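Participant: Below are the chains, spelled out letter by letter.
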Amino acid sequence: MTITNELKDIFTKNLRTSGIYIAFVLIVVLFTILTNGLLLSPINITNIILQYSYVLILALGMIIVIVAGHIDLSVGSLVALTGAVSAVLVIKNDMPWWAGMLAGIAVGALCGLWQGFWVAYVGIPAFIVTLAGMLLFRGLTYEVLSNVSLSPFPGEYGQIAGGFLNGLLGGNGFDLFTVIIGVIAVVGLFYSQWRNRAGRAKYGQSVESMAMFLAKNIITGIIILWFFWQIATSRGMPIVLIILAALILGYHVLTTKTVFGRHVYAIGGNLSAAKLSGVNVKRINMWIFINMGLLSGVAGVVFSSRSNGAQPGAGNMFELDAIAACFIGGASTTGGVGRVTGAIVGGLVMAVLSNGMQLMGVGASTQQIVKGVVLLLAVAFDIYNKRRAGAGN
Amino acid sequence: MDTTILHMQDITKTFPGVKALDGVNLSVRKGEIHAICGENGAGKSTLMKVLSGVYPHGSYEGQIIFEGEELKASNIKDSEAQGIVIIHQELALVPYLSVAENIFLGNETARGGFIDWNETNHRAADLLARVGLDELPVTPVGQLGVGKQQLVEIAKALSKNVKLLILDEPTAALNDDDSEHLLNLLRELREQGITSIIISHKLGEIEDIANTTTIIRDGQSIEALDMADPASNQNRIIRGMVGRELSARYPQREPQIGDVVFEVRDWSVQHPVQQERTVVEHASLDVRAGEIVGIAGLMGAGRTELAMSIFGHSYGRNITGTVLMGGKPVDTSTVGKAIGAGIAYVSEDRKKFGLNLIEDIRVNTTAAGLGKISSKGFVDGNREIQIAEHYRKSMRIKTPNVMAKVGNLSGGNQQKVVLGKWLHTAPELLILDEPTRGIDVGAKYEIYTIINELAAAGKAVLVISSELPELLGICDRIYTLAYGRMTGQLPRSEATQERLMELMTIEKESTR
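If you read the protein sequences in the order shown, they are chains Y and R. Under my numbering, the first residue of the first sequence carries the number 1, and numbering increases by one thereafter. Under my numbering, the first residue of the second sequence carries the number 1, and numbering increases by one thereafter.
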């Protein structure tokens with residue numbers, strides 16, 4: 001296959017998977033121009049990460065929920081509840097920051113277990129269970145906080161979402177540690193891609209041409225290095241970025257390389273066939289919701305850390321941001337299709353849209369309208385692509 | 001009588017990268033039953049979609065002349081207005097609506113936007129009488145069996161003043177009685193001057209009913225056979241379809257039969273919803289190593305229910321009885337345990353129960369045996385490709401690699417993927433439920449060959465099939481099941497269609 005054909009395929013045959021990346025690049029370019037380059041300034045890039053990390057964390061759990069054919073409407077309320085529990089322990093009861101953090105995550109997992117039980121073992125559709133959870137957890141948040149906001153957290157707790165690793169290894173005008181992490185990321189990515197390609201080639205599967213492979217990886221590598229350079233010349237490595245990167249990597253592996261991940265896709269793709277193939281559907285569904293609760297707990301801790309306190313109304317509409325990220329990222333509304341990388345890029349599309357419009361001084365109302373339209377168009381595009389692919393049979 | 005009602009000329013339809021139809025010609029005389037035969041993927045359905053307006057005029061090349069005028073349908077409604085109605089294989093009825101509502105769906109008898117229920121039900125009753133369906137117009141369609149639903153579809157077509165009725169595999173899901181009734185109805189409609197085009201894999205049926213048979217192969221019309229000619233028999237049609245003579249429908253084999261591998265004793269299953277209804281009653285059977293054993297039974301005899309209740313208790317309630325593998329009792333109460341005990345079950349409905357159609361061959365092949373290629377919860381991706389490739393090659397699945405989406409494959413290739421998936425679990429016993437349903441003749445032969453190879457490798461094979469010739473062609477021994485009870489077993493040498501049918505229809509004794 002020649003490289004021009006492959007390029008053509010990216011824009012035609014594989015548009016469903018590559019479309020989101022193309023859209024992301026276009027949106028970034030658009031807002032860079034509209035904001036006179038402000039969007040890609042080192043400070044702003046760092047800001048985007050700090051500001052939207054919790055939506056990306058939620059999207060990681062949500063993509064698994066959606067691929068399995070469910071939905072979770074309760075994550076916003078659960079973010080509030082877990083943040084509140086953490087705040088009560090740390091601010092009111094003077095417990096150490098890590099105790100609050102662990103308690104928040106544990107409460108999240110426990111709430112996930114609760115919802116997973118109803119979905120998996122009682123057989124109530126997740127839409128209903130999590131709609132109930134949305135009310136339930138919000139109510140519990142008010143109870144836990146006795147209807148008032150709690151703040152501020154002691155210094156260490158704020159570091160989770162607001163801290164930086166800077167000057168760990170020195171550097172002149174830039175943070176050497178951050179740059180080294182960037183280089184490791186690029187080398188690691190290249191190595192894993194290389195192994196993947198070699199493995200496929202060895203077993204006689206078709207692989208992209210060497211030119212295409214190198215072009216793709218070199219461009220990605222340059223973007224990653226540039227991204228880390230921007231961060232390195234700003235405030236250094238945000239701690240939350242390390243958390244986020246570890247989670248993304250972990251969940252990417254979980255969904256693509258493990259038996260659990262396979263079973264999730266099998267359940268979403270054809271429930272009956274999965275059952276008759278020996279997949280323990282109930283147990284998998286249970287774990288999907290425990291995992292979603294756990295990640296809601298992580299997001300709750302990050303959010304409460306960033307907002308330096310807990311408010312009864314925190315996390316409102318977060319579930320919709322997370323769900324939108326998944327669908328914009330190419331997940332199918334009927335289950336069985338979706339990727340972690342897609343959900344992350346989908347989340348970044350939402351993040352860049354919001355941030356770009358904020359930089360331009362666009363009002364909150366317009367922002368919501370634009371985000372709504374983008375979600376609609378993304379799913380319409382997905383359906384259009386499916387229909388086009390279906391006509392080939 | 002010898003006037004042409006439909007003439008399709010040089011129809012060519014291309015999809016991106018595929019030429020589905022290549023200069024097809026089809027001539028149908030007024031008032032005849034015209035059969036279209038061809039292997040799966042030959043282009044039969046595509047041709048009918050072109051005719052019925054699913055693919056609008058302009059999206060294909062060539063000309064359609066219907067009743068002397070060129071047909072330029074831009075959607076299904078256009079072609080229906082001309083009197084061309086297609087009934088698809090998957091019935092398009094709404095189960096919760098009544099028979100009458102379904103018949104007039106999209107074509108309601110209404111005055112000023114309000115439905116005239118008396119008129120609707122009255123007209124529906126007339127139509128039901130015409131198709132010989134003895135049901136009230138207000139009965140919900142979901143309460144009817146597949147055979148009766150098929151008749152409702154035809155009544156719906158008649159309500160549209162149909163001139164040309166197209167039926168895509170109308171009898172595929174029907175039992176013999178219902179099929180016979182349907183075919184008789186088509187004959188009656190022929191008397192009334194309605195022309196029918198019927199697509200079917202059941203060649204006996206076609207021999208019975210069709211006036212003309214057009215054969216399509218690889219997107220081209222090969223020939224049109226006049227069925228009045230005695231030379232136009234099943235073998236003649238098969239030769240046209242595959243482009244070669246199939247010397248035998250069933251491959252030869254020398255059975256090497258060993259010890260009993262699988263045994264079921266006193267197996268009883270109750271209906272999952274209806275209290276007190278026993279679906280399988282005190283059934284016992286055994287299968288030996290290297291043996292192919294058949295289960296014959298009419299629709300509703302409890303064949304699939306027996307198999308699925310054994311396989312992980314996937315059907316029914318209050319299941320009692322013992323399953324033995326190699327003489328030892330085993331627990332098969334979950335699918336996982338059944339697989340662990342060495343049992344594999346290939347469902348009769350591969351799309352619903354067998355495959356994840358949106359995934360590729362690779363993922364489907366390993367879906368039931370992921371444990372074998374993973375350690376500590378991680379799947380070995382390279383090993384997986386290797387295994388999927390192995391089954392792709394040994395099963396002769398016709399794709400360039402294992403990354404092809406299963407949903408895009410033909411029925412025969414899909415069935416091979418399902419077989420590969422279950423072979424990967426290394427079972428001692430394979431239960432094959434309707435292994436060749438909806439598969440064309442050439443691929444059937446290949447499936448039989450694979451079954452024979454499995455038996456030769458010492459596996460025990462249990463085949464459930466509605467087609468008696470198939471059971472007689474491949475099995476060493478055949479059990480008969482009637483009303484949930486085992487009514488007998490015959491070795492191959494003694495089994496005939498007539499004797500099997502006798503045993504399959506033994507009714508329950510009133511005292512027991």
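Note that these hints are calculated values from the structure, not bench results. Honestly, I wouldn't trust all of these hints.
Stated by the list, open to error - DSS-like mimics (lysine-lysine), calculated; alpha carbons at most 27 Å apart, straight line:
1) Lys386/Y <-> Lys8/Y
2) Lys30/R <-> Lys163/R
3) Lys282/Y <-> Lys163/R
4) Lys282/Y <-> Lys30/R
To be verified - Computed from the model, here is a short list of chain Y residues facing chain R with C-beta under 10 Å:
5) Lys92
6) Pro96
7) Gln193
8) Lys257
9) Thr258
10) Val259
11) Gly269
12) Ala273
13) Ser332
14) Val337
15) Thr341
Keep in mind that this is a model prediction, so the values were computed, not measured. The C-beta atom is built at its ideal place from N, Cα and C for all residues, glycine as well.
Participant: Hint by hint, where does the structure go against what was stated? Just the numbers, ascending.
Facilitator: The structure conflicts with hints 3, 4, 5, 6, 7 and 15, although it agrees with all the remaining ones.
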